[in-house]
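S.K.: Spelled out from the first residue to the last, the chains are:
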Amino acid sequence: MNSKVLLISGCFIAAVVFLGNAGIFTDYPDNLDGSPVALVKKIVKDVTYRTAVDKSDWEIAKTGQPLYDGGEVKTGIKSLALVLFTDGSGLLRVRENSILHIYGQTENKKLNKDAFLEKGLIGFDVTKQQQEEEFKLTTPTVVASIRGTAGFMSFDNQDSTTTIFLEHGEVDFKHTISGNSGKVTSGKSALIYSNGNISYDSISTTNKKIYKFTRTTSSKKIIIETKYGSFEINYYSE
Amino acid sequence: MKKNFHLFKTVILVLLASVCGNYNFAQISDVISSIKTGQAKEGQPINIIAELRSTANIAGILFAYKPFGESEFIKQEMLITANSASVLIPAENVKPPFIEYYFQIDMEDGASQTYPLGINEGTAPFQINVTTISGKDKEIIVLSPNSGEFLTPDDFLISISFIKAPDNVDIKATKVFLDGSDISSQALFAGDLIIFSGENFPGSISLGSKLIKIEVYDKNGNLYNTITRNFEVISKEIAQQIAARFAYSGDLRIEGRNEVYNNTSTGYGNFTANFNSTYSNWKANGYMYVTSEEKSYLQPVNRFSASFQSGDWLNIQVGDVYPRFPNLILDGKRVRGFSGGINLGFFNIQTGFGEVTRKVEGSIIQKYSADSAPLESNVIAIDRNKYGAPFASVNLATYTRNIFAIRPSFGTGENFQWGFSYLHGKDDPKSVEFGARPKENAVFGTDMKLALDDQNFLITGQAALSIVNNDISTGTLSDAQIDSVFGSGSFFDADPDIIKRIKNILGRFITVNQYIGPLNPGELSSLGAEGTVRLNYFNNTLKVTYIYRGNDYISFGQNFLRTDVQGINLFDRIRMFDNQVFLALGYEDLHDNLQKTKVATTKYKTYSASLSYFPRTDFPDLTFGYYRYDRNNGLNISDTVNGLYTVNDLTNRFSLSAGYRFNWRVRQSVSLSLSTSARDDNSLANADVTYSSAGLTVNSFWLSDFNSTFNVFYYASKIAGDEFDYVTFSLGGEYRLLQNKLKLAFSLSPSFGDFKRQALEFTASYNIIQNLDLMFQLRIYRIPGQSTNSIVGLVSSMAI
Numbered sequence: 001m002n003s004k005v006l007l008i009s010g011c012f013i014a015a016v017v018f019l020g021n022a023g024i025f026t027d028y029p030d031n032l033d034g035s036p037v038a039l040v041k042k043i044v045k046d047v048t049y050r051t052a053v054d055k056s057d058w059e060i061a062k063t064g065q066p067l068y069d070g071g072e073v074k075t076g077i078k079s080l081a082l083v084l085f086t087d088g089s090g091l092l093r094v095r096e097n098s099i100l101h102i103y104g105q106t107e108n109k110k111l112n113k114d115a116f117l118e119k120g121l122i123g124f125d126v127t128k129q130q131q132e133e134e135f136k137l138t139t140p141t142v143v144a145s146i147r148g149t150a151g152f153m154s155f156d157n158q159d160s161t162t163t164i165f166l167e168h169g170e171v172d173f174k175h176t177i178s179g180n181s182g183k184v185t186s187g188k189s190a191l192i193y194s195n196g197n198i199s200y201d202s203i204s205t206t207n208k209k210i211y212k213f214t215r216t217t218s219s220k221k222i223i224i225e226t227k228y229g230s231f232e233i234n235y236y237s238e
Numbered sequence: 001m002k003k004n005f006h007l008f009k010t011v012i013l014v015l016l017a018s019v020c021g022n023y024n025f026a027q028i029s030d031v032i033s034s035i036k037t038g039q040a041k042e043g044q045p046i047n048i049i050a051e052l053r054s055t056a057n058i059a060g061i062l063f064a065y066k067p068f069g070e071s072e073f074i075k076q077e078m079l080i081t082a083n084s085a086s087v088l089i090p091a092e093n094v095k096p097p098f099i100e101y102y103f104q105i106d107m108e109d110g111a112s113q114t115y116p117l118g119i120n121e122g123t124a125p126f127q128i129n130v131t132t133i134s135g136k137d138k139e140i141i142v143l144s145p146n147s148g149e150f151l152t153p154d155d156f157l158i159s160i161s162f163i164k165a166p167d168n169v170d171i172k173a174t175k176v177f178l179d180g181s182d183i184s185s186q187a188l189f190a191g192d193l194i195i196f197s198g199e200n201f202p203g204s205i206s207l208g209s210k211l212i213k214i215e216v217y218d219k220n221g222n223l224y225n226t227i228t229r230n231f232e233v234i235s236k237e238i239a240q241q242i243a244a245r246f247a248y249s250g251d252l253r254i255e256g257r258n259e260v261y262n263n264t265s266t267g268y269g270n271f272t273a274n275f276n277s278t279y280s281n282w283k284a285n286g287y288m289y290v291t292s293e294e295k296s297y298l299q300p301v302n303r304f305s306a307s308f309q310s311g312d313w314l315n316i317q318v319g320d321v322y323p324r325f326p327n328l329i330l331d332g333k334r335v336r337g338f339s340g341g342i343n344l345g346f347f348n349i350q351t352g353f354g355e356v357t358r359k360v361e362g363s364i365i366q367k368y369s370a371d372s373a374p375l376e377s378n379v380i381a382i383d384r385n386k387y388g389a390p391f392a393s394v395n396l397a398t399y400t401r402n403i404f405a406i407r408p409s410f411g412t413g414e415n416f417q418w419g420f421s422y423l424h425g426k427d428d429p430k431s432v433e434f435g436a437r438p439k440e441n442a443v444f445g446t447d448m449k450l451a452l453d454d455q456n457f458l459i460t461g462q463a464a465l466s467i468v469n470n471d472i473s474t475g476t477l478s479d480a481q482i483d484s485v486f487g488s489g490s491f492f493d494a495d496p497d498i499i500k501r502i503k504n505i506l507g508r509f510i511t512v513n514q515y516i517g518p519l520n521p522g523e524l525s526s527l528g529a530e531g532t533v534r535l536n537y538f539n540n541t542l543k544v545t546y547i548y549r550g551n552d553y554i555s556f557g558q559n560f561l562r563t564d565v566q567g568i569n570l571f572d573r574i575r576m577f578d579n580q581v582f583l584a585l586g587y588e589d590l591h592d593n594l595q596k597t598k599v600a601t602t603k604y605k606t607y608s609a610s611l612s613y614f615p616r617t618d619f620p621d622l623t624f625g626y627y628r629y630d631r632n633n634g635l636n637i638s639d640t641v642n643g644l645y646t647v648n649d650l651t652n653r654f655s656l657s658a659g660y661r662f663n664w665r666v667r668q669s670v671s672l673s674l675s676t677s678a679r680d681d682n683s684l685a686n687a688d689v690t691y692s693s694a695g696l697t698v699n700s701f702w703l704s705d706f707n708s709t710f711n712v713f714y715y716a717s718k719i720a721g722d723e724f725d726y727v728t729f730s731l732g733g734e735y736r737l738l739q740n741k742l743k744l745a746f747s748l749s750p751s752f753g754d755f756k757r758q759a760l761e762f763t764a765s766y767n768i769i770q771n772l773d774l775m776f777q778l779r780i781y782r783i784p785g786q787s788t789n790s791i792v793g794l795v796s797s798m799a800i
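Chains as they are written, first to last, in the numbering used here: chain A, 1 to 238; chain B, 1 to 800.
So that you can see chain B by itself, here it is in the shape it has in the complex (with noise of 0.2 Å):
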């Protein structure tokens, strides 16, 4: 009977999935094959690796996502390595119930696109499900081992405490299973205890790396939660080096590989060598990344640093950075030079400085003469001397950038803390030749928090005033520049004294002409701020956020931010059932327009909710998310003036994602995903948008070494009256052989409909010895009466 019964579910979910239609990781893209996200849970990062078909002809990836709820995609670059580019999603932006997430690639062509495609035109953005950490997993506490934690065979301890789980869960029937063997027979049962103990099995702990697996069962004998854990296991003698020496451990790899795209066939090589080593209270992490891909005249691809760290005081990473500012400031940008701080509690102070843009020369185009010369962005004065003319159109150089930021703060956080942000960042005008308006910029800022009840009632605000100069070429005015140019009767009316005393003030921070910016400070278009109070009580984590960003708000440390916006958003996620159903709602009312700047305001309404269940029962999780995006301007297309302006557009979006973990013969897994959006747009683009998009995918674990993966995958779509529809079928499987020192993995995916494709990967990697790998990775892209693109590679790696 209770066969039967996962039978039907079984069934029902994969009619769902063939009605109505989505699995984002099979949409299509000419530069992603696919993406991996691992498990993601509330306060956990999660590493996001989009597996690139080719690396030819792309500048940069930025992966932009949105947690639940907030008012704005982050930007982060991602960091392109061999074939796959990867981001980490810090651990405070994984929240439930789900993250919105694309990927904007650069091409060195100047040419932009998102994946998945048509985010601008209102595709819908992927979604990774975020489960909370409140529920099972909080309820099951593995006491020993940690994570990754190094242990003798006379401390080996697995410990397993079931104080926090609910009543309806069966202690005793709970199995551990050590590298795959059953030892539940071998386990105390103490209470709410669940205690194996190497010391009472002597010699029969093997030395290396170990997997437990505690399959938890309630009391009507359905699996309930299931808990993996790696640790290893280590001699005394290593044990007593780790702990009162220095320990060190690392990896290098090399890899080889060839790809032939649209007929032409390339070669790349790469070396990447990691190196983590901790001795006392320090840490100290070195990396490299060494890729042919690496040209001097795009912004670097080689990747180098080096961190220090000692306890929770003193930090220092060298090379290519990612400081952390306060948001407004500098965050998630890349710095090859240095970030440190040093936090002593009561005084902190954060630094970070460094090139954040590589120069690369530009080239001339076309020479003029004095009188011949166009008045073009592009055309510049030119070395007569050097190249017999005065004038030229170039090619652009871009210019070496520099940022410098500095934060002090006092206060631990903990409870408050309170900061100050200085950032300047400068074009070197001398690092090429054919540049033009090379730019400087200050930033002033500072951030505040306050947490009360045990941070149950959080305060956090920050502030923070830009200035920029468009065009530091021409240098600071001199004080006769000034009195020829300003005063009664002059070009300027002003009081050239007091400019005189500004540029004194200003001049210390920034270069003062008449290209600095902002034009109407009273205004406060370089004013950026935002505030958020949060309160935690009663089930409820409500938060509500104040943002505003003038039009001219600009940090050379946050190129991804949005400007031009004023209101506020509200969010409020409420935990129900002993935490087994939550419900999330979201409001959301900006409008731009700050400085009068446009021809019409317009205002962006968003309401946002979800409901998850995650049951503690034999039932699947179940995620349903509503978007509803309204943008109006006020504005209409039969207006003869302003009706081209006209922005008036309605999204409406559902999506339902369902995961259930079951025994059907084997253990089954099996996650569905639907999704529907509609936009309607009454601008005179008429840019009207119907998605949807259902998948579904199998994994099956036949055996402790074999287990396969399928998946269906159903797209369809009308942007602007155009159709286009297809489905992909994905056929998998990973095979471990030679007491697991073979591992085979392949998949087939044949694409049908309006988008045809045939996609083949295979994977074989070899363990030689016990630190050295080998491994094969073949990959065919075959498009019917078109092209077949392939990637072969070879990788090397050897752990030290």
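Chain A extracted, bound-state conformation (with noise of 0.2 Å):
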């Protein structure tokens, strides 16, 4: 009797990890206290996320993804994830190779949210922020804070220079480690090195075709047909 219980119970388990897996059941986890800050709008080709909860392994992320205060997104080669902030007050284009953690606490129906940019290159749309409330780009090195701008930013973790590049509006930065601090207006961008020299510039060719690049959201697609059958790749093109 006793075997039989524990063959159905372990059968049974078995089903529900197996449809768990499948994607049967609720697709975002339910296991996070409070509500999301974050969500995943939309998604070209190799996207993962992971909870503050579980760090071990990185999960496909679909569109409509929920992101918990210290989620992460993490895109792979010509991805694109486009994450929305819950309060509407930001869009943020994590481009291809880019890691990036999602902190926001609530308070008082404000939300303070904080980016932070692991790696790779995020361009970002983000409005007037009310009073009292805040909205932080981070790199490694960097910590920006955003009231109502455009632009991109990027961090090459190899030799940790970040760059912020605006299109409008404007951003005051300081380097963390040097405590080197400078702000950012309209059309132009800086580049902070790793022992906080900072680089101004005007707008320049290479920096508007980037800023160009991280608007652009389109995927396309590519049908190989052969004798057994046919493969569809969805890409993001440059």
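Think of the hints as simulated: they come from the structure by calculation, not from any bench. Please read these numbers as outputs of a predicted model, since none were measured by experiment. A couple of the hints might just be wrong.
As the list claims (entries may be wrong) - Listing some non-contacts, in silico: residues in chain B with all C-beta distances to chain A over 10 Å:
1. L252
2. N262
3. R303
4. G461
5. G507
6. G522
7. F560
Said to hold, decoys possible - Taking CB as the label site, the calculated pair distances span:
8. A/Q105 <-> B/N415: 22 to 32 Å
9. B/L314 <-> A/K209: 12 to 22 Å
10. A/K136 <-> B/F420: 34 to 44 Å
11. A/S181 <-> B/F308: 37 to 47 Å
To be verified - Subject to a maximum C-alpha distance of 25 Å in a straight line, what follows is the list of computed SDA-like cross-link-like pairs (lysine to any residue):
12. A/K62 <-> B/N230
13. B/K605 <-> B/Q566
14. A/K109 <-> B/K138
Note that beta-carbon positions come from the ideal geometry of N, C-alpha and C, so glycine has one too.
These two chains come separately, so use the hints to put the complex back together.
M.R.: Structure follows, in structure tokens:
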């Protein structure tokens, strides 16, 4: 009798695990406290995520994936993820080969946001923040405070340099190691080196191209017909 | 119990409407049949469409509007197309609690009237309630889709955030409808988020235009707010084309209609084409409207325009454009020509030039010999060889008038901007034969904006000086003419050399002769200036404005500015009880006669107040308004010398409006508007005015494809002793059938009392194929014992 119970229980658990992995049940984690601070609006190709609770594995992200405080999004080659904060105040375009950490704390119906770019490139469109509301973009070496602006931010984890480019608006930033601070204004960019040195630049063709690239979110599809069937490759194109 | 409570409140609203009285849109006019304003929300532009009974004999329509607490009406030319006139109130002027407005209709014979009738005699203007966005609309955020967004089935995502919603909202009770189907059970509730992803339901999302409706409920089960959003689901292939290449859309519309007005039948035809395209950061738009009403002897009715825009840094418009400079210089005026700007941030430049008035030739009334020509304003010299006489009285022609405006500025405007404006306008004396007194105008202005603390502390200011020449037909004075006219013992006792130097400086900008003004520049008669300080702290929006406009200030780019006025305007809007209650207070103290050109100085004092309640419970939105306008120039009608010029009147006006959405058997939307005003005129005219009106509108949504509208309107006025009362009932409905391909709309509006009329409107539109629609329109207006007028039209429109 006990062995039957154990067998049935074992089958049931195995079925649940199998179906769960197959995505039959809810796709989103429900074991987290609080409310999501962001969600993934659009996905192109290879986008994975992981939660602050479970740092072991990267899981495949789907459109509408909620991101809780401490959640991370990773993009692969030629991939893209659009991330929206739940207060509607900011859209981040996480470009290929990037890792972005999302942090958010709600206080009195206001969401203080911090998007930490571990590596790679993100484009941002941030609306004007309310009073006592904060939007920070950070890299391992730089903290930037955003109000209402659009541009891009990149972090090169080889030489630890951060680039900030603004299409409009202005951003105050600080190098966390040296304490050097600065400001980027509309149409300008700043390159912040690992030692805290800052180099400013007016609109350069390269940065304009990168900014334009960050705003492009369409993908292309190639269908390869073979004698074994057809393959569909969906990819992001520069 | 709850149903009874709904019924009770509905009955109360109906009773209120029947006791008091006003629904603006049912006021009588022989030009405008109805007005559509759409929903007015703070910071969002409002499109105003006035349906016209007939466009015959209309030369133009001006739309005059005034946000609450502002000192004067802003006037804009309306675009007349087919049998409607439209205008857009810019987003920055859409401010709660309400906007007052009226129409000024200019007829071809030179006559002018306002709608509502008698604005200048004290009739209250119309009112649009502006709901604040800071309430419910800011609390529930639709993260996806964006309005008008194109999504593929794979990217399909509906997401609603309640992160800012109050605690009494029951998130799990929220209902989400996609094209009328309830999809709430398929949505995921994750904390403060509701998510519905198309990826979880493959194959269930069809292509085409979509409408989502979100109904939010409070914890008592009452409807808290309803949000709707339109978007498109497109195939991946089309999405690639749109994103990667050239995306375009447009529509063509052709209309034929016949109007029977006072037993005269007239046929009209018009063609409209719209084209919009985007490529990368570039946007290009084109518009064309061609009508059979275009006449060479009138100002143009046809409209053509094309615009190009690249991001925020470049914009170019050609054709019929409406350039916007500081409002003292050029704002809201149609220019047939060019308008454009380059915005680099640290330096920007904006320009606009072209024709603002088209030449319209005059005609000879009577010829005169040199001896018999009378001294009248319309008697001019004519070509003796051509017409056989040296003088004639004429119907005066209108000159071609061109303007040129330019404004360089420094700074983005986010925190600082300093601009300099120059406008030059001139009549072309050679453009017509029977013209008189061609004019020329130059305006020099500067404006500045300083914004601190994230624009919570804002200082703006502008100033402009104008010069006008009221007759340039004789050209600039020569040095010999100056020597003969000026100098000791001459007609003007002024140093001729100084006059020559002035001529050499001013002559670069304007024709210098004896008709140039102002004549009293030292008195700042041609100066226009204003400065505003706005503070946004402690739930208060406080604005203080000082204005000064000399009696000679004139800009050919701004015909609608009130001149000869100086004073201050104070306005404060206070947000209370978590943005549920808004109290707005205004005070204005102005006076005229700045250059002592009038018998007495008139003081204008206005007090205004409004209290709005936007509850988060199941209760109607309410707005109560009060307005007191006092004009007095200190003269008394018993004054035997100047009594005729007495200005002494006082107007008090109260208004109340309410809106309520609820479910009683089906979804209902009720709006109520009450207004009463009294003017006590103590001048010789003794034009006392009392006016009351009440209106109630009930929209009932019986089925997803059928809704009805019921409206009752009562109006009572007494103007200078003449009483005028009437009541109008209106019943209409809209029914969609054949899978929404056929739409039928019908309304019947009989009026009783001193104004008797029956109005019937019927519209049927049919979607023949995916992008081709055909619409039939019939309007009949019957005035018993007088006439039956009708408009029958057929419209075909095609989307590209």
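S.K.: Now look at each hint and say whether the structure bears it out.
M.R.: Checked hints:
1. Taking the minimum C-beta to C-beta distance to chain A, about 29 Å, the non-interface status of B/L252 holds against the 10 Å cut.
2. No beta-carbon of chain A comes within 10 Å of the beta-carbon of B/N262; the shortest separation is about 55 Å.
3. Consistency note on B/R303: stated as away from chain A, and its beta-carbon is indeed over 10 Å from all of that chain's, at 32 Å minimum.
4. Non-interface status of B/G461 relative to chain A is upheld: no Cβ of that chain comes within 10 Å, the nearest being about 23 Å off.
5. Distance check on B/G507: its Cβ is at least 41 Å (rounded) from any Cβ of chain A, clearing the 10 Å threshold; non-interface status holds.
6. Distance check for B/G522 against chain A: the nearest CB is about 43 Å away, which clears 10 Å, and the non-interface claim stands.
7. At roughly 33 Å from the closest C-beta of chain A, the C-beta of B/F560 stays outside 10 Å, upholding its exclusion from the interface.
8. At about 29 Å, the beta-carbon gap between A/Q105 and B/N415 stays in the expected band of 22 to 32 Å.
9. Distance hint check: the CB atoms of B/L314 and A/K209 are about 18 Å apart, consistent with the given range 12 to 22 Å.
10. Distance hint check: the CB atoms of A/K136 and B/F420 are about 39 Å apart, consistent with the given range 34 to 44 Å.
11. At about 40 Å, the beta-carbon gap between A/S181 and B/F308 stays in the expected band of 37 to 47 Å.
12. Simply put, A/K62 and B/N230 have alpha-carbon atoms about 23 Å apart, close enough for the 25 Å limit, and the pair holds.
13. Taking the CA atoms of B/K605 and B/Q566, the gap is near 12 Å; set against the 25 Å cutoff, the hint holds.
14. For a cut-off of 25 Å, the pair hint linking A/K109 to B/K138 stands: about 11 Å separates their Cα positions.
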